[in-house]
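*Asks:* So the protein lines, in turn, are chains A and B. Residue 127 in our numbering sits at position 127 of the first sequence; the count goes up by one each step and never skips. Residue 1115 in our numbering sits at position 115 of the second sequence; the count goes up by one each step and never skips.
Wrong hints could be hidden among the right ones.
[Stated by the list, open to error] Simulated restraints on C-beta separations:
| no. | chain 1 | residue 1 | chain 2 | residue 2 | range |
| --- | --- | --- | --- | --- | --- |
| 1 | B | Arg1313 | A | His149 | 53 to 61 Å |
| 2 | A | Ala105 | B | Arg1282 | 49 to 57 Å |
| 3 | B | Ala1045 | A | His149 | 46 to 54 Å |
| 4 | A | Arg46 | B | Gly1146 | 21 to 29 Å |
[To be verified] Here are a few chain A residues that sit away from chain B, every Cβ distance over 10 Å (derived from the structure):
| no. | residue |
| --- | --- |
| 5 | Ala73 |
| 6 | Ala74 |
| 7 | Arg126 |
| 8 | Gly146 |
| 9 | Ala220 |
| 10 | Ala237 |
| 11 | Gln289 |
| 12 | Ala293 |
| 13 | Asp339 |
| 14 | Gln370 |
| 15 | Gly373 |
| 16 | Val376 |
[Stated by the list, open to error] Below, a sample of chain A positions facing chain B; criterion: calculated Cβ distance under 10 Å:
| no. | residue |
| --- | --- |
| 17 | Lys83 |
| 18 | Gly94 |
| 19 | Ser128 |
| 20 | Arg129 |
| 21 | Arg151 |
| 22 | Val240 |
| 23 | Gly242 |
| 24 | Pro245 |
| 25 | Ala256 |
| 26 | His272 |
| 27 | Leu299 |
| 28 | Pro346 |
| 29 | Thr349 |
These are computed hints drawn from the structure, not numbers from a lab. All values reported here derive from a predicted model rather than from experimental measurement. Glycine included, every Cβ here is placed at the ideal spot set by N, Cα and C.
There are 2 protein chains.
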Amino acid sequence: MNDTPSDSASPGPIAAPGGDRATPPVVAVIGVGLIGGSVALAARARLGATVVAWDPDPASLRTAVERGAVDVAAESPAEAVGKADVVFVAAPLGAVGDTVALVLAAAGPDTVVTDVGSTKADVAARFSRDGRFVGGHPLAGAETAGITHARDDLFEQAAWYLTPEGTTTGTLYERLHRLLTGLGARPLAIDAAAHDRAMAGISHLPHIVANVLVSHVSGALDPDEPLPAIGPSFRDATRVAGAHPALWADIYLANAPALLGAIEDASARLVHARTLIERGDRDGLVAWQRQVAREREALQAAGPDPGPTTELRVAVTNRPGVMADIALALGRAGIGISDLTLSPSPDNTAGVVGLWVDAGEAQAAAALVQALGFPVTPG
Amino acid sequence: MNDTPSDSASPGPIAAPGGDRATPPVVAVIGVGLIGGSVALAARARLGATVVAWDPDPASLRTAVERGAVDVAAESPAEAVGKADVVFVAAPLGAVGDTVALVLAAAGPDTVVTDVGSTKADVAARFSRDGRFVGGHPLAGAETAGITHARDDLFEQAAWYLTPEGTTTGTLYERLHRLLTGLGARPLAIDAAAHDRAMAGISHLPHIVANVLVSHVSGALDPDEPLPAIGPSFRDATRVAGAHPALWADIYLANAPALLGAIEDASARLVHARTLIERGDRDGLVAWQRQVAREREALQAAGPDPGPTTELRVAVTNRPGVMADIALALGRAGIGISDLTLSPSPDNTAGVVGLWVDAGEAQAAAALVQALGFPVTPG
Chain A
1 MNDTPSDSAS PGPIAAPGGD RATPPVVAVI GVGLIGGSVA LAARARLGAT
51 VVAWDPDPAS LRTAVERGAV DVAAESPAEA VGKADVVFVA APLGAVGDTV
101 ALVLAAAGPD TVVTDVGSTK ADVAARFSRD GRFVGGHPLA GAETAGITHA
151 RDDLFEQAAW YLTPEGTTTG TLYERLHRLL TGLGARPLAI DAAAHDRAMA
201 GISHLPHIVA NVLVSHVSGA LDPDEPLPAI GPSFRDATRV AGAHPALWAD
251 IYLANAPALL GAIEDASARL VHARTLIERG DRDGLVAWQR QVAREREALQ
301 AAGPDPGPTT ELRVAVTNRP GVMADIALAL GRAGIGISDL TLSPSPDNTA
351 GVVGLWVDAG EAQAAAALVQ ALGFPVTPG
Chain B
1001 MNDTPSDSAS PGPIAAPGGD RATPPVVAVI GVGLIGGSVA LAARARLGAT
1051 VVAWDPDPAS LRTAVERGAV DVAAESPAEA VGKADVVFVA APLGAVGDTV
1101 ALVLAAAGPD TVVTDVGSTK ADVAARFSRD GRFVGGHPLA GAETAGITHA
1151 RDDLFEQAAW YLTPEGTTTG TLYERLHRLL TGLGARPLAI DAAAHDRAMA
1201 GISHLPHIVA NVLVSHVSGA LDPDEPLPAI GPSFRDATRV AGAHPALWAD
1251 IYLANAPALL GAIEDASARL VHARTLIERG DRDGLVAWQR QVAREREALQ
1301 AAGPDPGPTT ELRVAVTNRP GVMADIALAL GRAGIGISDL TLSPSPDNTA
1351 GVVGLWVDAG EAQAAAALVQ ALGFPVTPG
């Protein structure tokens, strides 16, 4: 497989050739499971897109056509990619990398390619030199699987992480961002490694720990002891224990570096708790509980809070990485971009980026963008 | 304090002198917080009991009287114990042992004394030679505290662990058991050490682990990274993080031996998960998820399932520990006793124990009791 960008790709500049954005987009979907099928349904229903799809399972592809998710069932990934404006690679985690490579080899220079895998560092590193690829991860739909559960509102208000790199072509990033908001999602730019650490902490480690709790109670207790009455704290903490064995084995392995770090850190924190208990350090335990209560409150308060939005207009020079720099600076501050436009100057040496952000966060967003060296004016 | 039974106590035999069970009981409650106050309300409302109470905080005691939970506000624990048939020590965990000692010193030979602390091995060991004491632990009401939240239906269908010992006086155990079912609870006999291990696994360890998850995400992640969108698995797993700092510090310390064992075991299981991930052992991870899914299903299926009950009549000889042997044998099998009677023979050398158990479990219960050497007949 060809993991490096073809010479025809156009990495770097904010503007790439072609593509009239007034006409409905052509969207290619590789893999029509729950996520791919829902992208297809939403793109057709909400954006009037033409959806071309391929799936290794002919039955799933047929069902997708029957459900009205797909206009054209392609014979191969390359055929599906054809003249697509945007390609979604919605393959199982283990197949994402090779499928993206295949798609990039088949796609033209004005096609943006993204994936929906739950880990991002691997794929970002593998394709970081191709300006057409942007890693993605929608936080939606883990409980069920398959085209039969696909819905056109699956991404309504859902966070959708994007991992732009310095090489990402600005106009292609803008196109993908706008298409995602059109599906109802809230795109948020994040560094790929930071994404994987965050997912390890808020999703993968809780699954590991739920397994540990169940296997402790089930295995470590004397089989002659009565099974205890399961209280609400145990039930809540173990709801995801043993979920989807094959899927979760792949997720653990795909995010191994970050997850191993999280397990290491959690183990050290268990040792801390053990030490406080061993010492009979009541003051230390009270302080620990209090500290955790404050941290929990802060985490809960950090949730997204959609409100009225306002536009900022940013004058940029056309250099590689401009869009990634802006999107990541706001993403790091937890500021979502509800809409994003890019207007290159006629000679393509500069341009104006339009950013729609929460009105309450506009001042902070403007300061962050100005700190990058770009003049900002209200829209 | 006097931790050993007074000479007037009557350890061992199934029958103890006195006490006409037809008249409503006199119940003493030492400590009228959420649990003590709810015992008082339920005993008056459901059993027509006379409730005498004492609390170190005069305001709480006044409120208990005003709320109609208490008939007589006593000036001291000894005065409250007076002529009580049953004494509930509902003191904070750190004060349970000394308060039980005080109460046993003040109580007569025909008084059963119990506590409601969430750990049992300590108190069981300290008073194991006094036939009047039975350790207890209702699984109810951890979310709020104080007499103002007390309710007469707090124990409706709630599991209420009891830890009888070989020395426990049979008639006193019967009286306590019947009073608890009268409050709406489901008493279940359990070995004190097994109780503490079970609580460590299903309650205390989940609290420790919830703290670890929150402090990991809050502390281990780079403060420059965006706070991640908190998903449902994290929210569920950390609902109890940082709960009631002083209360939980005391609970951790009171159950230190069992909890340290649980933390040790959980740490070893984390190492197991880490090793599978480090090795890239996909088959091992899939097998682990599958195994946990089966264990979780078994734990869920083990929950109490109240149905029609049936009576078993057990002929017993009057020797120390008979009631504890029977109650613990059924408790170990997870068989709840919804009602319990004890009819001593006129010469007090033998008697008949009536056991009401789930109809579906009657055969298993009869086999277990017969295996102890006692003839069983249907009621």
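*Asks:* The structure should be examined with respect to each hint, and the outcome stated for every one.
*Replies:* Here's how the hints hold up against the structure:
For arginine 1313 of chain B and histidine 149 of chain A, the hinted distance range of 53 to 61 Å is satisfied, since their beta carbons lie about 56 Å from each other. Take alanine 105 of chain A and arginine 1282 of chain B: their Cβ atoms lie about 27 Å apart, and the range 49 to 57 Å is violated. A beta carbon spacing of about 50 Å between alanine 1045 of chain B and histidine 149 of chain A agrees with the range 46 to 54 Å that was offered as a hint. At roughly 52 Å, the beta-carbon separation of arginine 46 of chain A and glycine 1146 of chain B lies outside the given 21 to 29 Å, and the hint is violated.
The beta carbon of alanine 73 of chain A is kept farther than 10 Å from every beta carbon of chain B, the shortest such distance being approximately 31 Å. Chain B leaves alanine 74 of chain A outside its interface by the beta-carbon criterion, the shortest separation being 30 Å against a cut-off of 10 Å. The Cβ of arginine 126 of chain A sits about 18 Å from the closest Cβ of chain B, beyond the 10 Å cut-off, so the non-interface label holds. The beta carbon of glycine 146 of chain A sits about 19 Å from the closest Cβ of chain B, which is more than 10 Å, so the claim that it is off the interface holds.
Not every C-beta of chain B lies more than 10 Å from that of alanine 220 of chain A, the closest at about 5 Å, which undercuts listing it as non-interface. With a closest Cβ-Cβ approach of about 4 Å to chain B, alanine 237 of chain A is found to fall inside the 10 Å limit, against its non-interface label. The Cβ of glutamine 289 of chain A does not lie farther than 10 Å from every Cβ of chain B; its closest approach is about 4 Å, which violates its non-interface assignment. A Cβ of chain B approaches the Cβ of alanine 293 of chain A within 10 Å, the least distance being about 3 Å, so the stated non-interface status is violated.
No Cβ of chain B approaches the Cβ of aspartate 339 of chain A within 10 Å, the least distance being about 19 Å, so the stated non-interface status holds. Consistency note on glutamine 370 of chain A: stated as away from chain B, and its beta-carbon is indeed over 10 Å from all of that chain's, at 18 Å minimum. Annotated as non-interface, glycine 373 of chain A keeps its C-beta farther than 10 Å from every C-beta of chain B; the closest such distance is 19 Å. No Cβ of chain B comes within 10 Å of the Cβ of valine 376 of chain A; the nearest lies about 21 Å off, and the non-interface call holds.
The interface hint given for lysine 83 of chain A is violated, since its Cβ lies 34 Å from the closest Cβ of chain B, which is over the 10 Å cut-off. Annotation: glycine 94 of chain A was flagged as interfacial toward chain B, and the flag holds, the nearest CB pair being 9 Å apart, inside 10 Å. With a least beta-carbon distance of about 19 Å to chain B, the hint placing serine 128 of chain A at the interface is violated under the 10 Å criterion. This hint is violated: arginine 129 of chain A has a C-beta 24 Å from the nearest C-beta of chain B, more than the 10 Å allowed.
Restraint check, arginine 151 of chain A versus chain B: the minimum CB separation of about 18 Å is more than 10 Å; hint violated. Checking valine 240 of chain A against chain B: minimum C-beta separation of about 5 Å stays under 10 Å; hint holds. Taking 10 Å as the C-beta cut-off, the interface hint given for glycine 242 of chain A holds, the closest approach to chain B being about 3 Å. Interface hint at proline 245 of chain A: satisfied, since its Cβ lies 4 Å from the closest Cβ of chain B, which is below the 10 Å cut-off.
The closest approach between the C-beta of alanine 256 of chain A and any C-beta of chain B is roughly 5 Å, which is under the 10 Å cut-off, so the hint is satisfied. For histidine 272 of chain A, the interface hint holds, the least distance from its beta-carbon to any beta-carbon of chain B being 9 Å, beneath 10 Å. Annotation: leucine 299 of chain A was flagged as interfacial toward chain B, and the flag holds, the nearest CB pair being 6 Å apart, inside 10 Å. Interface hint at proline 346 of chain A: violated, since its Cβ lies 36 Å from the closest Cβ of chain B, which is beyond the 10 Å cut-off.
Here the hint on threonine 349 of chain A is broken, as its CB sits about 32 Å from the closest CB of chain B, past 10 Å.
The structure fails to meet hints 2, 4, 9, 10, 11, 12, 17, 19, 20, 21, 28, 29 from the earlier list, while all remaining hints are met.
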